[in-house]
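Colleague: Listed below are the residues making up each chain.
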Amino acid sequence: MLKRTPFYDYHVSAGAKLVDFAGWEMPLHYRGIIDEHEQTRRSGSMFDVSHMGRLHFTGKDVVPFLNRVLTRNVSAQKVGQSRYSLVCNPSGGVMDDIIISRDQKNWIMVCNASNREKIVKHLGDVRKTESFDLDIADQTESTAMVAIQGPEVIEKLADVLPGDVRSMKRYQFETGSLMMTKFTVFRSGYTGEDGVEVILPARMAGMAMKMLGAKLDKPDATIRPAGLGARDTLRIEAGMPLYGHELSETIDPLSAGLEWAVDLTKNFIGVEPLREIAKTGPKRKLVGLELEGRRIARQGTALQAGGAVVGEVSSGTWSPTLQKSIAMAFVDSALTAEETALIADLKGTLTPAKVVKLPFYKRQPHG
Amino acid sequence: MANLPANYRYLETHEWHRLDGDIVTIGITQIAADELTDVTFVALPKVGTKIEANHKFGEIDSVKANSDLYSGASGTVIEINHQLADNPGLVNNDPYEAGWMIKLQVTDPNPLDKLLTSEQYQAKMGH
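Just so you know, the sequences run in chain order A and B.
Residue numbers are given in my numbering: position 128 of the first sequence equals residue 134, and the series is strictly consecutive.
Residue numbers are given in my numbering: position 16 of the second sequence equals residue 29, and the series is strictly consecutive.
The reader is advised that the hints may include incorrect statements.
For each label pair, taking beta carbons as the anchor points, the in silico distance ranges come out as [stated by the list, open to error]:
hint, chain 1, residue 1, chain 2, residue 2, range
1, B, ASN16, A, LEU8, 53 to 59 Å
2, B, GLY139, A, LYS353, 25 to 31 Å
3, B, GLY139, A, ASP141, 46 to 52 Å
4, B, GLU48, A, THR355, 19 to 25 Å
Treat the hints as calculated values from the structure; they're not laboratory data.
Nothing here was measured: the structure is a model prediction, and the numbers come from that model.
Where is the CB? At the ideal position from N, CA and C, for every residue including glycine.
Working from the sequences, and respecting the hints, build out all of it.
Modeller: Given below as structure tokens:
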């Protein structure tokens with residue numbers, strides 16, 4: 007039996023094509039993936055991301071505990087700040103990529119739906135074996151979460167959302183009340199656009215959609231619903247990693263180009279192997295690729311140079327913004343310079359590709 | 014499935030076939046197009062290529078998946094839909110008319126008899 011988010015009834019009424027994603031019945035799209043992608047780049051989209059894990063931490067050892075399990079140092083993190091970070095296994099492989107936020111009384115971690123059970127167990131095990139004094143509460147199913155993303159979103163929502171969204175910087179958040187309900191608003195996202203992510207009580211989701219639903223359904227609405235299909239093509243254009251593609255238990259964060267999110271000076275789980283990798287540099291590194299023609303290079307596509315296999319595609323799509331076939335791939339470190347020519351074996355069709363800079367798409371700075 | 018043409022014949026792999034004289038036109042069904050999501054590329058054979066029944070004649074790429082295209086009839090390709098090169102979304106928006114893929118000249122007088130009827134295809138799709 008698939009789990010349903012508090013927005014499930016809305017998805018059905020809006021005509022979404024629903025799919026199983028990490029055990030959740032989620033909208034793949036409502037109108038079409040490319041349509042929803044373009045709406046997000048042009049104006050705005052609302053994504054149900056309630057399937058993602060939301061964990062709360064309280065207690066005297068939260069800071070040393072988080073510094074033990076996360077690759078980034080949280081000691082200097084101020085109330086109202088969010089940080090992208092990784093959870094590594096003892097070999098330095100990635101167990102999950104998460105966002106950690108420091109609130110007044112507690113810390114909030116948002117993790118991937120596909121990794122939630124594994125992460126809850128891992129954190130509980132570390133707390134126990136290393137005797138950290140803190141509480142970990144899984145609030146995923148008592149809350150809902152939406153991502154509202156696009157160039158028009160901040161202006162459109164500034165007067166509706168609690169807190170001063172306009173003056174909020176990227177990776178800041180505020181907790182406020184609206185109609186006696188607690189909302190947490192983060193200025194972050196996974197599309198390459200400006201926007202917010204909002205956590206609200208699960209029981210408020212239905213009412214929120216009754217108020218908003220009719221507006222979102224209008225073809226000329228500033229903000230329209232979008233599904234996981236567009237979320238994926240948007241994040242690929244923005245060069246953002248997806249767990250299971252660019253990150254896994256056997257991929258380390260340095261190979262994935264995430265050295266900026268790893269503090270090798272502190273003693274977190276997995277640091278020793280990562281220090282060894284940092285000495286010589288990773289064998290393979292994540293790069294962006296542009297392919298000739300319209301064929302898409304899927305995950306697992308082999309990359310060749312001089313007749314030898316030198317890499318493998320982790321994600322690929324047709325970029326609606328660039329009108330090009332693009333991919334992210336791990337390739338031998340000697341072949342990661344921009345403009346390096348490679349060959350992608352697309353089910354026997356040998357297709358020329360070249361290394362390009364990530365991200366593929368960068369939004370224009372506002373104002 | 015109100016929009017499944019009754020006079021077309023089908024393969025379980027979702028290709029439709031329409032017979033006009035000795036010409037068979039082939040495309041994919043709305044069910045398949047919806048399942049693929051936005052089509053981004055259709056690889057078609059050259060005019061003059063000989064195609065055998067139940068063999069692959071091309072490939073289709075969408076945002077979500079790549080899949081092979083099969084013909085239910087044997088014949089020679091006499092025309093391909095050039096519009097799909099610039100506008101592969103026709104397969105999603107109008108799969109039974111503007112989104113057609115190839116036309117085959119056939120010699121068999123009853124080339125589609127072994128293929129599924131619209132009722133049989135619908136039944137197999139669980140509709």
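Colleague: Return the numbers of the hints above that this structure violates; sort them in rising order.
Modeller: 1
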